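Visitor: When you get a sec, could you build the whole thing from the sequences and use the hints?
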Amino acid sequence: NAGVTQTPKFQVLKTGQSMTLQCAQDMNHEYMSWYRQDPGMGLRLIHYSVGAGITDQGEVPNGYNVSRSTTEDFPLRLLSAAPSQTSVYFCASRRSSDAGNTIYFGEGSWLTVV
Amino acid sequence: KQEVTQIPAALSVPEGENLVLNCSFTDSAIYNLQWFRQDPGKGLTSLLLIQSSQREQTSGRLNASLDKSSGRSTLYIAASQPGDSATYLCAVLTSGTYKYIFGTGTRLKVLA
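Protein sequences, first through last, are from chains A and B.
What the first sequence shows, in the working numbering, is residues 2 to 115, in sequence order.
What the second sequence shows, in the working numbering, is residues 6 to 117, in sequence order.
Hints are not guaranteed to be accurate.
[Stated by the list, open to error] In silico lysine to aspartate or glutamate, EDC-like type, Cα no more than 16 Å apart, as pairs: (1) B:LYS114 x B:ASP44; (2) B:LYS73 x B:GLU61; (3) B:LYS73 x B:ASP32; (4) B:LYS114 x B:GLU22; (5) B:LYS47 x A:GLU31; (6) B:LYS104 x A:GLU31; (7) B:LYS6 x B:ASP32; (8) B:LYS114 x B:ASP89; (9) B:LYS104 x A:GLU108; (10) B:LYS47 x A:ASP39; (11) B:LYS104 x A:ASP57; (12) A:LYS10 x A:GLU108; (13) B:LYS104 x B:GLU8; (14) B:LYS104 x B:ASP32; (15) B:LYS114 x B:GLU20; (16) B:LYS47 x B:ASP89; (17) B:LYS73 x B:GLU22; (18) B:LYS6 x A:GLU60.
[To be verified] Listed below are several chain B residues computed to face chain A (Cβ distance under 7 Å; list not exhaustive): (19) GLY48; (20) LEU54; (21) GLY101; (22) TYR103.
[As the list claims (entries may be wrong)] Over 10 Å on every C-beta distance to chain A, these chain B residues come out as not near it, computed from the model: (23) SER17; (24) GLY21; (25) GLN39; (26) GLN56; (27) ARG60; (28) ASN68; (29) ASP72; (30) GLN86; (31) PRO87; (32) ALA91.
Hints are computed from structural coordinates only; laboratory data are not their basis.
Treat the numbers as computed from the prediction; the structure is a model and nothing was measured.
No residue lacks a Cβ here, since even glycine has one placed at the ideal position from N, Cα and C.
Guide: Encoded structure:
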């Protein structure tokens, strides 16, 4: 059981470049989300989805785009990378129908924008 | 707006000590509260989840309590070991939302 899989694990981008962080889960979870983690600021929600075809913004959505065409996949797109987007990105998923359900995280994607 | 605070930011204890990590939140209308462990360079691993109707949860040497009325949760670690060294984060799922709000974590070091 792979759980939540993120790729790539490490990436260096130049300012202005675009890229997509991939996230896939094999647990048939309805809810998926993207967080960024910065020193001293904890995890902040970027975008989330409660099912295929449904997405919504979190706390820090600017500069990022998402789509949810399937239950399994939830890619995060950086439209025009900026140094402020240097961070560690985590994808997470959970079954959304019950408050007792655990949220599962991927291993993270380390992104540096130069 | 829900805010989650964890104090202290860092903690260093000798092996064998019992210790308590604190988490406070501002909005008591929550679905659940979850405690996570994060090792350096790794993702988050769920330790315990407490639903809003529960007062505590236990797993091995870990015990988490929840007091919604005061907006507080504690994670108790019994007989700490060097392998417990990690960052511990709490997160709250507020009622009526799908969003987990995280604290900034407590970085624990257990000395052999």
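Visitor: Taking the hints in turn, state whether each one holds.
Guide: Hints versus structure:
Straight-line distance between C-alpha atoms of LYS114 of chain B and ASP44 of chain B comes to about 11 Å, which keeps the hinted pair within the 16 Å bound. The straight-line distance between the Cα atoms of LYS73 of chain B and GLU61 of chain B is roughly 11 Å, inside the 16 Å bound, and the hint therefore holds. For the hint pairing LYS73 of chain B with ASP32 of chain B, the CA-to-CA distance comes to about 9 Å; that is within 16 Å, so the pair holds. Proximity of LYS114 of chain B to GLU22 of chain B is assessed by CA-CA distance (about 12 Å); at most 16 Å being required, the pair is judged to hold.
Restraint check: the Cα-Cα separation between LYS47 of chain B and GLU31 of chain A comes to about 24 Å, which exceeds 16 Å; the hinted pair is violated. At most 16 Å may separate the alpha-carbon atoms for a hinted pair to count; LYS104 of chain B and GLU31 of chain A meet this at roughly 13 Å. The suggested pairing of LYS6 of chain B with ASP32 of chain B holds, with an alpha-carbon distance near 7 Å, which does not exceed 16 Å. At roughly 8 Å between alpha-carbon atoms, LYS114 of chain B and ASP89 of chain B fall within 16 Å of each other, so this suggested pair holds.
A threshold of 16 Å between alpha carbons decides the hint, and for LYS104 of chain B with GLU108 of chain A the separation of about 20 Å lies outside it, so the pair is violated. The suggested pairing of LYS47 of chain B with ASP39 of chain A holds, with an alpha-carbon distance near 14 Å, which does not exceed 16 Å. With a CA separation close to 11 Å, the supplied pair LYS104 of chain B and ASP57 of chain A stays within the 16 Å bound. Taking the CA atoms of LYS10 of chain A and GLU108 of chain A, the gap is about 8 Å. The hint holds against a cut of 16 Å.
Distance hint between LYS104 of chain B and GLU8 of chain B is fulfilled; the C-alpha atoms sit about 12 Å from each other, no more than 16 Å. A hinted pair counts as satisfied when its Cα atoms are at most 16 Å apart, and LYS104 of chain B with ASP32 of chain B qualifies at roughly 13 Å. For the proposed pair LYS114 of chain B and GLU20 of chain B, the alpha carbon gap of about 9 Å is at most 16 Å, so the pair holds. At roughly 15 Å between alpha-carbon atoms, LYS47 of chain B and ASP89 of chain B fall within 16 Å of each other, so this suggested pair holds.
Among the hinted pairs, LYS73 of chain B with GLU22 of chain B is inconsistent with the structure: their alpha-carbon atoms are about 27 Å apart, more than 16 Å. Distance restraint check for LYS6 of chain B and GLU60 of chain A: the Cα-Cα separation of roughly 11 Å lies within the 16 Å cut-off, and the hinted pair is therefore satisfied. The interface hint given for GLY48 of chain B holds, since its Cβ lies 4 Å from the closest Cβ of chain A, which is under the 7 Å cut-off. The beta carbon of LEU54 of chain B comes within 6 Å of a beta carbon in chain A, closer than 7 Å, and the hint placing it at the interface holds.
Interface restraint check: GLY101 of chain B against chain A, minimum CB-CB distance 12 Å, threshold 7 Å, status violated. Hint on TYR103 of chain B holds. Least Cβ distance to chain A is approximately 6 Å, under the 7 Å limit. Remark: the non-interface label on SER17 of chain B is consistent with the geometry, its nearest Cβ contact in chain A lying 19 Å away (cut-off 10 Å). Its beta-carbon lying about 30 Å from the closest one in chain A, GLY21 of chain B satisfies the requirement of being farther than 10 Å from that chain.
Not every Cβ of chain A is farther than 10 Å from the Cβ of GLN39 of chain B; the closest lies at roughly 7 Å, contradicting the non-interface assignment. Some Cβ of chain A comes within 10 Å of the Cβ of GLN56 of chain B; the nearest lies about 5 Å off, and the non-interface call is violated. Its beta-carbon lying about 15 Å from the closest one in chain A, ARG60 of chain B satisfies the requirement of being farther than 10 Å from that chain. Chain A leaves ASN68 of chain B outside its interface by the beta-carbon criterion, the shortest separation being 17 Å against a cut-off of 10 Å.
No beta-carbon of chain A comes within 10 Å of the beta-carbon of ASP72 of chain B; the shortest separation is about 17 Å. Residue placement check: GLN86 of chain B keeps its beta carbon more than 10 Å from all beta carbons of chain A (closest about 23 Å). Against the 10 Å criterion, PRO87 of chain B stays outside the reach of chain A, whose nearest CB is about 23 Å from its own CB. For ALA91 of chain B, the condition that its CB be more than 10 Å from all CB atoms of chain A holds, with the nearest at approximately 14 Å.
Checked against the numbered hints above, the structure breaks hints 5, 9, 17, 21, 25 and 26 and satisfies the rest.
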